[in-house]
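Protein chains: 2
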Amino acid sequence: MESPLFLAGFERIKGFERAMAPEQMIEELKNLVDEGKVRVDEDSLQTFGKDWTKIHEPKPVAIVFPKSTEQVQSIVKFANKHNIGLVPSGGRTGLSAGAVATNGEIVVSFDYMNQILDFSPSDRTVKCQSGVITEQLQDYAEQQGLYYPVDFASAGSSQLGGNLSTNAGGIKVIRYGMSRDWVSGLKVVTGNGDILELNKDLEKNNTGYDIRHLFIGAEGTLGFITEATMKLTRQPTNLTVLVLGLSDLTNTMDVLQTFQQQIDLTAYEFFSHQAMGHVLAHGDVQAPFEGEAPYYALLEFEATSDAVMDDAMALFEKCVEEGWVVDGVISQSETQAQNLWRLREGISESIAPHTPYKNDISVVVSKVPQFLQEIDAVVTEHYPDFEIIWFGHIGDGNLHLNILKPADLAKEEFFEKCLQVNKWVFEIVEKYNGSVSAEHGVGLTKKDYLGYTRSAIEIEYMKGIKRVFDPNNIMNPGKVIDL
Amino acid sequence: MESPLFLAGFERIKGFERAMAPEQMIEELKNLVDEGKVRVDEDSLQTFGKDWTKIHEPKPVAIVFPKSTEQVQSIVKFANKHNIGLVPSGGRTGLSAGAVATNGEIVVSFDYMNQILDFSPSDRTVKCQSGVITEQLQDYAEQQGLYYPVDFASAGSSQLGGNLSTNAGGIKVIRYGMSRDWVSGLKVVTGNGDILELNKDLEKNNTGYDIRHLFIGAEGTLGFITEATMKLTRQPTNLTVLVLGLSDLTNTMDVLQTFQQQIDLTAYEFFSHQAMGHVLAHGDVQAPFEGEAPYYALLEFEATSDAVMDDAMALFEKCVEEGWVVDGVISQSETQAQNLWRLREGISESIAPHTPYKNDISVVVSKVPQFLQEIDAVVTEHYPDFEIIWFGHIGDGNLHLNILKPADLAKEEFFEKCLQVNKWVFEIVEKYNGSVSAEHGVGLTKKDYLGYTRSAIEIEYMKGIKRVFDPNNIMNPGKVIDL
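Line by line, the protein sequences give chains A and B.
The first sequence lines up with residues 1 to 483 when you count with full-length UniProt numbering.
The second sequence lines up with residues 1 to 483 when you count with full-length UniProt numbering.
Treat the hints with care, as some may be off.
Heads up, the list lumps identical chains together, so a pair's fine if it works in one copy or across two of them.
Capping the alpha-carbon separation at 30 angstroms, the derived lysine-lysine pairs in DSS-like fashion look like this [claimed, not checked]: (1) Lys318 - Lys463; (2) Lys59 - Lys417; (3) Lys417 - Lys37; (4) Lys127 - Lys411; (5) Lys30 - Lys81; (6) Lys318 - Lys447; (7) Lys463 - Lys77; (8) Lys423 - Lys187; (9) Lys423 - Lys67; (10) Lys431 - Lys127; (11) Lys187 - Lys431; (12) Lys318 - Lys37; (13) Lys30 - Lys447.
The hints are simulated quantities; they were obtained by calculation from the structure and are not laboratory data.
Please read all numbers here as calculations on a predicted model, not as lab measurements.
Given these sequences and hints, build the entire structure.
Pasting the structure below:
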């Protein structure tokens, strides 16, 4: 059967020039960007060749720092010509090895594409180059009296292009959605070297396939995002935090449902007693109340008026009467709210010394308690000496599973056992129709496990899509799927 | 160059059987669905062969009514085997001829796939077959104490599958987004006859390309949506409506921006003095206030407390002081709110007797005034006897342009002149980087104008995607793009 796709339309690169020596190739690469914007020193190769996942050994041939979409385009055309892979590099905070170069690729760093290009107050949109850092966007929004609501621990270094390529979520998803939901336009360079301007910053535009949404979450495997127009919203008012002690895991769902009927929660987070224990032991954070509970929920909402505060108190009392909640505390000031947040946000740092195994998984909200208990049971049965730390964005069905290395167990042995844990966890994820990667993406780390969430035929369609945008498999090759 | 896509993975149909007589084919089709669920009588062919666009002559060979995803799958496999096109048919309320069968296709009606399959209170999701009617979903949500917020004039007949295939918007987009934003899972049958379960109803799932978003807005050209899991939200509280008279078109933007800084608007609609004139002349609706203004804005918000109402009044006063607003009225009850809405919602019906030319276009919000004035100017210059009626979802940059046929002008002549108007309008749309179809989709009506919004190379990529999912061009052939 003929394939009309490959006959029509695209400017196609015929054959590869494979013969060129690396030195000569790098000289040619230097012509495509500003002076000094190609680096081959070992320090740069090591630094820009990896993200926060540390298990892969970086082996890029060069790091290139474009300053414009057109420079990115020439790099992509160059890579097609020389049949060399390109790895996109943003803030390098990824946790799935989506931005590691282990195989002689050229790393394309967006560090010098960090300009905010335009702001429109009526549209409440801001056009950014993809190297803009999340916090830079948040601060800029605040200066305009507005708010960029996507927020997470790595906001100080993660870049917008990376956030969009992994569709980053974070702590406010229950109210504000994922990064995806804040994109009104994208400029991308496809694997064919075409520049596409997707959706033109429009709020409403129903003119065929929404290619914008295809690039969001694609981890740079279809092309690279070079600019994004992001929506902003009004600043939240009087954010107020409730921390509740829950008598039982299933009560987290009852409490969520009860509050959601009346109040627009901006966060619904969860952590176990063990998790809080580490935070309290680690620093100068205070317990929320005297009593203890096996699980805790952190709720945040805008107390826009006394009426909302009254509602919240009435709902809290209902939860106590029902026996779902054993104790609780509510913030009376911004400082108190921030302190309560530290109970949740301090967890990762407090357990870091224990070399934790980490996994980022999700199921539909209603299945969280059963799902969590099943994983708990299987891990405890086989490895009773493993300490399991649960926390996460339970209002979105997103759990962060952390298992601490017993002090007397060698790292290598622990990691080996964790591979076995992976298998159990992902089998349970599959059984519950969940996701092997709720918000960290697939990259290299989850690639072999993709089949637990996406069907074989879905993965074939993903490959078909990849071939349309990147037929030579130049863009972040080997990440997410293999061709 | 070889095309690995067409070698791998898919169950491929080798060659077509074209020789079969239509009667024999229809007999075979009958075996695929329940008894009596294939119709070939002229009435059915006429009724199910078209949507609300009346200009195309329906010519389907048969109408088939599947009851399950599996039946849809067998119909798609059958269509591939016989190389016959399939046209999806929902509530047939489309305005872009996305669901007309003019070329001997089989129409696949979803009228008998109208079951609500599941509801989860903790997840606040409801799983529907794609033939569920919008209002049926809205009512069901209300019975559960929840809310499905996507709403528009045709909600009483439009079906969910059609809404999703055109990514329908409507009157609450400024707060609640488009249909797209309420989909947590889709079941589809691709043009290859594969069943895909997309996103598994998860809130967070970053595992590769989001094929769900590709099917939303694809107008059935990649495959047919058979089931959708839709999110619900809490019911709004005390919806309150403000109608403001605006001294000038550009003030609509100032007023919008002023209110949005403090209040979450659930609607920001707009209509001209002429538009309101038709509504007032047409029925028993009252003018909102004594004075007149060239343009009107309708704002809706949740008056959750007295504090919000005080805020709204203060903002209104600010707008008056600034000279943006000449007069205004605020609803004090649900009935008053509904009556004010009639000023906006009655427009389409009131101008219907004037055989209006209709166009559904959008630009970024900030460009609306300039854009509108430019179109006004060019139409008035060439056709001074044409009455132009503007209204729309101005908070989303979405305008409905209506031009009334002068009473003494023959229909044919009017339609001919409107084709010329189309060209001017779309050239201005292109100049302003807007969309030729904000929410009605492309179908047949806008296909020839797609290039005013999507670049030639983007359209090539769309064709590439189409070939991955529907290589034999079976699914709604000729709509949106030609292969």
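Practice task
Go through the copies and call it for lysine 127 and lysine 411: within, between, both or neither, with a Cα cutoff of 30 angstroms.
Solution key: neither (45 angstroms within a copy, 46 angstroms between copies)
Exercise for the section: Using 30 angstroms as the alpha carbon limit, work out where lysine 318 and lysine 447 are close: within a copy, between copies, both or neither. Expected result: neither (45 angstroms within a copy, 56 angstroms between copies)
Handout entry: Alpha-carbon proximity between lysine 318 and lysine 463, which holds within one copy, between copies, both or neither at 30 angstroms
Key = neither (51 angstroms within a copy, 56 angstroms between copies)
Handout entry: Same-copy or cross-copy closeness of lysine 463 to lysine 77 [CA-CA at most 30 angstroms]
Key = Both: 21 angstroms inside a copy, 22 angstroms across copies.
Handout entry: Homo-oligomer pair classification [lysine 447, lysine 30; C-alpha up to 30 angstroms]
Key = Neither, since 33 angstroms and 44 angstroms both go past 30 angstroms.
Problem - Same-copy or cross-copy closeness of lysine 30 to lysine 81 [CA-CA at most 30 angstroms] - result: Result: close within a single copy only, 15 angstroms intra versus 54 angstroms inter.
Practice task
Measure nothing new, just compare the shortest in-copy and cross-copy C-alpha distances for lysine 423 and lysine 67 to 30 angstroms and report within, between, both or neither.
Solution key: neither (43 angstroms within a copy, 38 angstroms between copies)
Handout entry: Alpha-carbon proximity context of lysine 187 and lysine 431, limit 30 angstroms
Key = between (38 angstroms within a copy, 18 angstroms between copies)
Practice task
Can you give me the call for lysine 318 and lysine 37, within, between, both or neither, at a CA distance of at most 30 angstroms?
Solution key: For lysine 318 and lysine 37, the Cα distance exceeds 30 angstroms both inside one copy (61 angstroms) and across copies (52 angstroms).
Practice task
At 30 angstroms max between alpha carbons, let me know whether lysine 59 reaches lysine 417 within a copy, between copies, both or neither.
Solution key: within (28 angstroms within a copy, 64 angstroms between copies)
Problem - Intra- versus inter-subunit Cα pairing at 30 angstroms for lysine 417 with lysine 37 - result: The answer is neither: 43 angstroms in one copy and 56 angstroms across copies each exceed 30 angstroms.
Exercise for the section: At 30 angstroms max between alpha carbons, let me know whether lysine 423 reaches lysine 187 within a copy, between copies, both or neither. Expected result: Classified as between: cross-chain Cα gap 27 angstroms, same-chain 38 angstroms, threshold 30 angstroms.
Hint violations for this structure: numbers 1, 3, 4, 6, 9, 12, 13, all remaining hints satisfied.
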